[in-house]
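Trainee: Below are the chains, spelled out letter by letter.
Number of protein chains: 2
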Amino acid sequence: MSDLQGVRGTRDFYPDEMRLRSWLFSHFRAAAQLHGFEEYDAPVLEHEALYTRKAGEDIVGQLYGFEDKGGRRVALRPEMTPSLARMVLARAGALPLPIKWFSIPQCWRYERMQRGRGREHYQWNVDIWGSAGVEADVELLAVLCSFFDRVGLAPAEVGIRVSSRKVLQEVLDSVGVAGEQFAAVCIVVDKLGKLLPDEAAAQLGKLGLDNTAIATIQRVLGLHDLDTLAAALGDDSGAVAELRSLWALAEGYGLTEWLEFDGSIVRGLAYYTGPVFEAHDRSGELRAVCGGGRYDRLLSSFGGKDLPATGFGFGDMVILELLKDRGRLPQLAGSVQDVVFALNPELRPAAMDVAGRLRAQGRSVDLVLEEKRLKWALKHADRCGAERLLLLAPKEWERGLVKVRNLASGAESEVVPDAL
Amino acid sequence: MSDLQGVRGTRDFYPDEMRLRSWLFSHFRAAAQLHGFEEYDAPVLEHEALYTRKAGEDIVGQLYGFEDKGGRRVALRPEMTPSLARMVLARAGALPLPIKWFSIPQCWRYERMQRGRGREHYQWNVDIWGSAGVEADVELLAVLCSFFDRVGLAPAEVGIRVSSRKVLQEVLDSVGVAGEQFAAVCIVVDKLGKLLPDEAAAQLGKLGLDNTAIATIQRVLGLHDLDTLAAALGDDSGAVAELRSLWALAEGYGLTEWLEFDGSIVRGLAYYTGPVFEAHDRSGELRAVCGGGRYDRLLSSFGGKDLPATGFGFGDMVILELLKDRGRLPQLAGSVQDVVFALNPELRPAAMDVAGRLRAQGRSVDLVLEEKRLKWALKHADRCGAERLLLLAPKEWERGLVKVRNLASGAESEVVPDAL
Numbered sequence: 001m002s003d004l005q006g007v008r009g010t011r012d013f014y015p016d017e018m019r020l021r022s023w024l025f026s027h028f029r030a031a032a033q034l035h036g037f038e039e040y041d042a043p044v045l046e047h048e049a050l051y052t053r054k055a056g057e058d059i060v061g062q063l064y065g066f067e068d069k070g071g072r073r074v075a076l077r078p079e080m081t082p083s084l085a086r087m088v089l090a091r092a093g094a095l096p097l098p099i100k101w102f103s104i105p106q107c108w109r110y111e112r113m114q115r116g117r118g119r120e121h122y123q124w125n126v127d128i129w130g131s132a133g134v135e136a137d138v139e140l141l142a143v144l145c146s147f148f149d150r151v152g153l154a155p156a157e158v159g160i161r162v163s164s165r166k167v168l169q170e171v172l173d174s175v176g177v178a179g180e181q182f183a184a185v186c187i188v189v190d191k192l193g194k195l196l197p198d199e200a201a202a203q204l205g206k207l208g209l210d211n212t213a214i215a216t217i218q219r220v221l222g223l224h225d226l227d228t229l230a231a232a233l234g235d236d237s238g239a240v241a242e243l244r245s246l247w248a249l250a251e252g253y254g255l256t257e258w259l260e261f262d263g264s265i266v267r268g269l270a271y272y273t274g275p276v277f278e279a280h281d282r283s284g285e286l287r288a289v290c291g292g293g294r295y296d297r298l299l300s301s302f303g304g305k306d307l308p309a310t311g312f313g314f315g316d317m318v319i320l321e322l323l324k325d326r327g328r329l330p331q332l333a334g335s336v337q338d339v340v341f342a343l344n345p346e347l348r349p350a351a352m353d354v355a356g357r358l359r360a361q362g363r364s365v366d367l368v369l370e371e372k373r374l375k376w377a378l379k380h381a382d383r384c385g386a387e388r389l390l391l392l393a394p395k396e397w398e399r400g401l402v403k404v405r406n407l408a409s410g411a412e413s414e415v416v417p418d419a420l
Numbered sequence: 001m002s003d004l005q006g007v008r009g010t011r012d013f014y015p016d017e018m019r020l021r022s023w024l025f026s027h028f029r030a031a032a033q034l035h036g037f038e039e040y041d042a043p044v045l046e047h048e049a050l051y052t053r054k055a056g057e058d059i060v061g062q063l064y065g066f067e068d069k070g071g072r073r074v075a076l077r078p079e080m081t082p083s084l085a086r087m088v089l090a091r092a093g094a095l096p097l098p099i100k101w102f103s104i105p106q107c108w109r110y111e112r113m114q115r116g117r118g119r120e121h122y123q124w125n126v127d128i129w130g131s132a133g134v135e136a137d138v139e140l141l142a143v144l145c146s147f148f149d150r151v152g153l154a155p156a157e158v159g160i161r162v163s164s165r166k167v168l169q170e171v172l173d174s175v176g177v178a179g180e181q182f183a184a185v186c187i188v189v190d191k192l193g194k195l196l197p198d199e200a201a202a203q204l205g206k207l208g209l210d211n212t213a214i215a216t217i218q219r220v221l222g223l224h225d226l227d228t229l230a231a232a233l234g235d236d237s238g239a240v241a242e243l244r245s246l247w248a249l250a251e252g253y254g255l256t257e258w259l260e261f262d263g264s265i266v267r268g269l270a271y272y273t274g275p276v277f278e279a280h281d282r283s284g285e286l287r288a289v290c291g292g293g294r295y296d297r298l299l300s301s302f303g304g305k306d307l308p309a310t311g312f313g314f315g316d317m318v319i320l321e322l323l324k325d326r327g328r329l330p331q332l333a334g335s336v337q338d339v340v341f342a343l344n345p346e347l348r349p350a351a352m353d354v355a356g357r358l359r360a361q362g363r364s365v366d367l368v369l370e371e372k373r374l375k376w377a378l379k380h381a382d383r384c385g386a387e388r389l390l391l392l393a394p395k396e397w398e399r400g401l402v403k404v405r406n407l408a409s410g411a412e413s414e415v416v417p418d419a420l
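If you read the protein sequences in the order shown, they are chains A and B. Taking the working numbering, the leading residue of the first sequence gets 1, the next gets one more, and so forth. Taking the working numbering, the leading residue of the second sequence gets 1, the next gets one more, and so forth.
If we strip away everything but chain A, and leave its shape as in the complex, we get (with noise of 0.2 Å):
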């Protein structure tokens, strides 16, 4: 029978779990709305050369990839962004700049299962393409604490760490390190918070740096603080230039108690070009809350014209993971207001009624469907999580009056239809 489990690394979403989900996506709905941004939405199934032809990511080898019935490469999309890429570059020009969407996309990858790392995932995309300035990095940076504003979350418990793929590049600049290195350099930088500093030092030699170059990265790669990297990179960085205007920037938003600068982070995929950040849980127990950056060049690689871009991609299982070791997950009830019961089958359709006329003035509505005992009518109620039952009775009815009871308190009253 495991055909009767769901595939492996999926899940299911039971009321109770789909509330919460619906919870936690209605934030992340609002806090992109508040902000201007408009919803979209791609299929979850793509070519697979959308992904390929980005090659040497680790997200290619965990393509949930397969060769359709007519012989034709697709695969489960990883990510939303080249879908995004793909719909831009179909109305280019015909677009008005900037774009400024997000969405909510099911993302998959097939890995070798490890504890807490699904098949499956859903992840807030939100991006602004058009938009050269670094006002755009910020204006992403305050939906994100928008968001966690929202869900009761401080900067005392998250932290948004914030570098730029250039104060990489321009150490590996310093030391001669050629362009094309560049982007797999940093998907080894990416990883050097898992690494041992020798086993970082070989895996970066592997690649062709000399011991100066990596001694430097990882020197700069620890600084903390902008005044130290500006003496390490020089008066006229760009990236130093970068990050303090966006760091003033911030101010204006009243955002800064939430960022720190923190020269290790250049996030795994290669299309980053500019400012980049992750936000963290300060107990550093969980993995990186989410995670983006600027990428400017992505459309070249499509083939296309590039267009400024920046955004960042927030999946849903560690933001939940966070709020209930905070204990910050709210207790979300049924949508059950009121629970309609007939105490005989002739009083159905008085019930039918009744229901009716609830539902008409935009309340949820149970209506009992089955011969039941006004014990399980209760009962059934109090799971429900309604507030009121209202009761058929026929001693009551044959009078026009409907019995309504107050869960909460007990309280009971006889009411007309009418003044229902």
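To be clear, the hints were calculated from the coordinates, so they are not data collected in a lab. Hints may be right or wrong, so weigh each one.
If chains are identical, the list can't say which one is meant, so a pair holds when it fits in one copy or spans any two.
In silico BS3-like pairs for lysine-lysine, Cα to Cα no more than 27 Å straight-line [what the hints assert, rightly or not]: (1) 194 - 206; (2) 206 - 395; (3) 379 - 395; (4) 395 - 194; (5) 305 - 379; (6) 305 - 372; (7) 324 - 403; (8) 191 - 69; (9) 395 - 372; (10) 305 - 206; (11) 324 - 305; (12) 324 - 194; (13) 69 - 395.
Position chain B against the provided structure of chain A, taking the given hints into account.
Mentor: Just chain B now, kept in the frame of chain A:
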């Protein structure tokens, strides 16, 4: 660049299309929630055996199935009911009954492309499990009519054709056709509308039915009122009693205007056992808007203990065609209410402050992130469908004022930030 197109038969949802989808889904949700249904979800990917174990149906030939990297046969779900059955079985006994659940899954099929038939669609699924009476079937019809009502469709435009699998069952019993042929006959009968009577007779003949059986089936399927059906099936017909009881309850809900008995409705899936229905536009131009019915013996086909169950599926494509034809599609503006624009970069922190204040009030604010001219900002605000443009201009800001332009009336005022 074919990899830069979406997979054939799939849709992208740009913000315009996404707004329409969200509008449709919001009415799906509201109609279900008003009737006390709770949302659930399951992964789009399932083991292929979940579908192939109920063999002999069109849906299997059209499965979007494939082998994953671990050599397992998996499929993109063609319909939601098997996933629902899997979820219920996984918690067999632990779920309080009845279950009233709904979902809006994306469903997939792989077939030769036809005009207007994609390879994916979204399908609103509404189901009641654990409730054996026709009350549950009527409750589903109430959800359906409540949805039609919400989107502005009247009984004169949309009708729900109702019958019961028991009608065909009794006809076959009466002509001595054995039970095992029943499912196969249903699948042919479901297509009768597309066949000439002679072709239909030939197909039924191939299933082993004799001429008397075929003539009886064709006659009863042509019936359109319950009294004639009662005359054909006899006074003690369970099918007639069930349908009369359904109509009486529908009367209690005031739904009978929407309903018509139609002996030809049997539905294509083998698993239905009782009342079945389809909604159609009355003009008859489009395919069925939705369809459903009772399927009390599904769980035993999965090796579980049966539970009474009834439900319907309602695709997103035909209803949107219908609403478009009837001129009932809403004009949906973007969500942006205010555009905030700083006339020069020095005023950006002030613009951020203003944007932040408005967002704290719950307003959707698009902050202009680029250096632009006022003319551009006005055009942009108009394109967004915003209500107001809030302008940070040097002279006004020196006096601590923000210029507020009402975009509908053109009226302008100057306001201190605290009064925004």
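Trainee: Looking at the structure, which of the earlier hints fail to hold?
Mentor: Failing hints, ascending: 2, 4, 7, 10, 11 and 13.
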